[in-house]
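> Spelled out, the chains give:
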Amino acid sequence: MTLRREWWIQKGLLAATLTSVAAIFLLLFLLLYFSFPLLFSGDLKQLFSWRWNPFEGHYGILPMMLGTLLLSILSTVMAFPAALGICAFIYTHRNSCLSRLLLLVVHVMTSIPTVIYGFVSVFILVPPMRRIFAAGAGFCLLTAALTLGLLILPTIVLVFHAYLTQAGGSLRAVSESLGLTPMEQFCFVMLPSASRGLVSALILGFCRAVGDAMIPLMLAGNAAQIPASFLDSIRTLSAHVALVLATDSQSMAYQSVFASGLLLFVMIAMVTALAHHLNRNMLSRCR
Amino acid sequence: MPVRRISNRVLSGFAWIASAGLCLTMLTLIGFLMKRGMTALNAKLFFDNVPWTAAVLGRQPVFDGIWPAVVGSFYLIVLASLIAVPLGMATGITLSEYASPNIRRWISLAVDILAGTPSIIMGLFGFTIILLLRKTLLPQARTCLLLSAVCIALLILPYIIRVTQNSLEAVLPHIRLIGPSCGFTQWQTICYLLLPLSSRGILSGVILGIGRAAEDTAVIMLTGVVAQAGIPQRLWDKFEAIPFHIYCVAAEYQSVRQLDAGFGSALILLAITGILFLAVTFLQRVVVTRYEILS
Numbered sequence: 025m026t027l028r029r030e031w032w033i034q035k036g037l038l039a040a041t042l043t044s045v046a047a048i049f050l051l052l053f054l055l056l057y058f059s060f061p062l063l064f065s066g067d068l069k070q071l072f073s074w075r076w077n078p079f080e081g082h083y084g085i086l087p088m089m090l091g092t093l094l095l096s097i098l099s100t101v102m103a104f105p106a107a108l109g110i111c112a113f114i115y116t117h118r119n120s121c122l123s124r125l126l127l128l129v130v131h132v133m134t135s136i137p138t139v140i141y142g143f144v145s146v147f148i149l150v151p152p153m154r155r156i157f158a159a160g161a162g163f164c165l166l167t168a169a170l171t172l173g174l175l176i177l178p179t180i181v182l183v184f185h186a187y188l189t190q191a192g193g194s195l196r197a198v199s200e201s202l203g204l205t206p207m208e209q210f211c212f213v214m215l216p217s218a219s220r221g222l223v224s225a226l227i228l229g230f231c232r233a234v235g236d237a238m239i240p241l242m243l244a245g246n247a248a249q250i251p252a253s254f255l256d257s258i259r260t261l262s263a264h265v266a267l268v269l270a271t272d273s274q275s276m277a278y279q280s281v282f283a284s285g286l287l288l289f290v291m292i293a294m295v296t297a298l299a300h301h302l303n304r305n306m307l308s309r310c311r
Numbered sequence: 205m206p207v208r209r210i211s212n213r214v215l216s217g218f219a220w221i222a223s224a225g226l227c228l229t230m231l232t233l234i235g236f237l238m239k240r241g242m243t244a245l246n247a248k249l250f251f252d253n254v255p256w257t258a259a260v261l262g263r264q265p266v267f268d269g270i271w272p273a274v275v276g277s278f279y280l281i282v283l284a285s286l287i288a289v290p291l292g293m294a295t296g297i298t299l300s301e302y303a304s305p306n307i308r309r310w311i312s313l314a315v316d317i318l319a320g321t322p323s324i325i326m327g328l329f330g331f332t333i334i335l336l337l338r339k340t341l342l343p344q345a346r347t348c349l350l351l352s353a354v355c356i357a358l359l360i361l362p363y364i365i366r367v368t369q370n371s372l373e374a375v376l377p378h379i380r381l382i383g384p385s386c387g388f389t390q391w392q393t394i395c396y397l398l399l400p401l402s403s404r405g406i407l408s409g410v411i412l413g414i415g416r417a418a419e420d421t422a423v424i425m426l427t428g429v430v431a432q433a434g435i436p437q438r439l440w441d442k443f444e445a446i447p448f449h450i451y452c453v454a455a456e457y458q459s460v461r462q463l464d465a466g467f468g469s470a471l472i473l474l475a476i477t478g479i480l481f482l483a484v485t486f487l488q489r490v491v492v493t494r495y496e497i498l499s
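One line per chain: the protein sequences are A and B, in this order.
Take 25 as the starting number for the first sequence in my numbering and just add one per residue.
Take 205 as the starting number for the second sequence in my numbering and just add one per residue.
Errors might be hidden in some of the hints.
Rough simulated footprint, nothing fancy, chain B against chain A, three-plus residues with beta-carbon under 8 Å [what the hints assert, rightly or not]: (1) 26-40; (2) 85-96; (3) 211-222; (4) 285-292.
Away from chain A, derived, C-beta distances all over 12 Å, residues of chain B [as the list claims (entries may be wrong)]: (5) L215; (6) Y302; (7) G330.
Residues from chain A shown here face chain B by an in silico Cβ test under 10 Å; the list is partial [stated by the list, open to error]: (8) T43; (9) A106; (10) T134; (11) V144; (12) F157; (13) A161; (14) S194; (15) A197; (16) T271.
Honestly, the hints are just simulated from the structure, not real lab data.
Please read these numbers as outputs of a predicted model, since none were measured by experiment.
Cβ atoms here follow ideal geometry from the backbone N, Cα and C, with glycine treated the same way.
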């Protein structure tokens, strides 16, 4: 009797597992299925061009790709020094009230919805940008990058902090016995020994920036163009998907959406693969 | 060694500036939202001019308040959790207790891919499901509440699978032996020993997943949320949701009243995610004393 029940439970669990795995494969399959016609038709050249103007029959998505790259690189570059400073602060003031408070703030930041960052930036950040630079409407690459940098900051800080804590212990004792101040310990001992952690933290943050759709949609202006400066409006791949699907368009525009989705997927997969590769290389060098 | 002292000073100064800057930014962000949102929060914001009892009981529709968005978000979270939590926990249990190492590796890879997928792609996936249905079985298929719930469930599924698997695998080997030594079958061991022991970890993972479901905007934007829909009556109705309402206000508000409604909704969303965050923190800090002796 018990064995019978056991058998049923095991089969039930297996069925649930297969359902989840099937869902995952269905996702990959459907994305590929709908972007497949692209790869084997003459439309590919039209998609990979620099002009987006659906009313005149131009469906190039390269400006969006450039926008995604520029925005994510810029926001990661902005978040990097801040994250380093915050980690240094937490390390040098460890066991004090201040560092615990700072860690709490960073944890709270992870729980704030993306759409709220965007919403508040529209009212706090955009008007000053418009006033200070006196160019455009304030919805530009720089505004979006600042907000996106704030959004990915907790990811970078928390991952790097975890690596630092892991590396700690004996290294800290040795460097302390050499007479290094806490800041010197951080710069000359902890930072080099946890550099691998720093790289993976940055990559995680970068992936988050590439995948995010709401911040660029709300703050970057969404003009499909090649930006001439930080104050120009841009459109990212993720925002492009949302914009085209929100307005009913003709089939060629849909195709550009699937191409964008696939490109996003490939970009994130490539960066992740790069991270794995870097990790392995650094490991072998350390040995 | 003046150089050494100066560099120390400069670096510490930089660390102080970065940390203080972050705290100031977050204070401004939350303070601004509080200041604008608090004045906007009242019964009229929720229910317009409909008496609240009639609105809550569904006797009278609310057209100009955020009540339908609150209800829509609630339905969405409940539906998505109903799908994702049992599936995710079952998958986590299978991965940790039943699967062979080889299968475990492959499924883990798939779960990792899913975890790295941006939410806009999950929305695109929902959209392709509708396209496929239209071409094949259901020509009149359209985006709806159920589709959004499925896609959101897929978004939080990897969290729940990971956290279940990790919590079960974290139970120490000598405690695992208690099960067989009492004559338990494998399922009895899982059900009466391993799951209670790892319940705290699993629960905090589930709550994190719910928080993710509550805040995500990109997925529902492509799978059935609209600006004006009222309270959904059936699973295949269009619906409203708080995060999408906030996005709409930021994109195209026309009056002070709409703006106020936006700030009010932002504050409500912040309160929901804040409460979930507090719950997770509480669970992680407070030790469940009943099983403390075992772990």
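> Compare the structure with each hint and give your call.
Verification of the hints:
no.: 1; hint: 26-40; result: holds (count 10)
no.: 2; hint: 85-96; result: violated (count 0)
no.: 3; hint: 211-222; result: violated (count 1)
no.: 4; hint: 285-292; result: holds (count 4)
no.: 5; hint: L215; result: violated, 5 Å
no.: 6; hint: Y302; result: violated, 7 Å
no.: 7; hint: G330; result: violated, 10 Å
no.: 8; hint: T43; result: holds, 6 Å
no.: 9; hint: A106; result: holds, 5 Å
no.: 10; hint: T134; result: holds, 8 Å
no.: 11; hint: V144; result: holds, 5 Å
no.: 12; hint: F157; result: violated, 20 Å
no.: 13; hint: A161; result: violated, 13 Å
no.: 14; hint: S194; result: violated, 23 Å
no.: 15; hint: A197; result: violated, 20 Å
no.: 16; hint: T271; result: violated, 12 Å
Hint compliance for this structure: hints 2, 3, 5, 6, 7, 12, 13, 14, 15, 16 are not met, and every other hint is.
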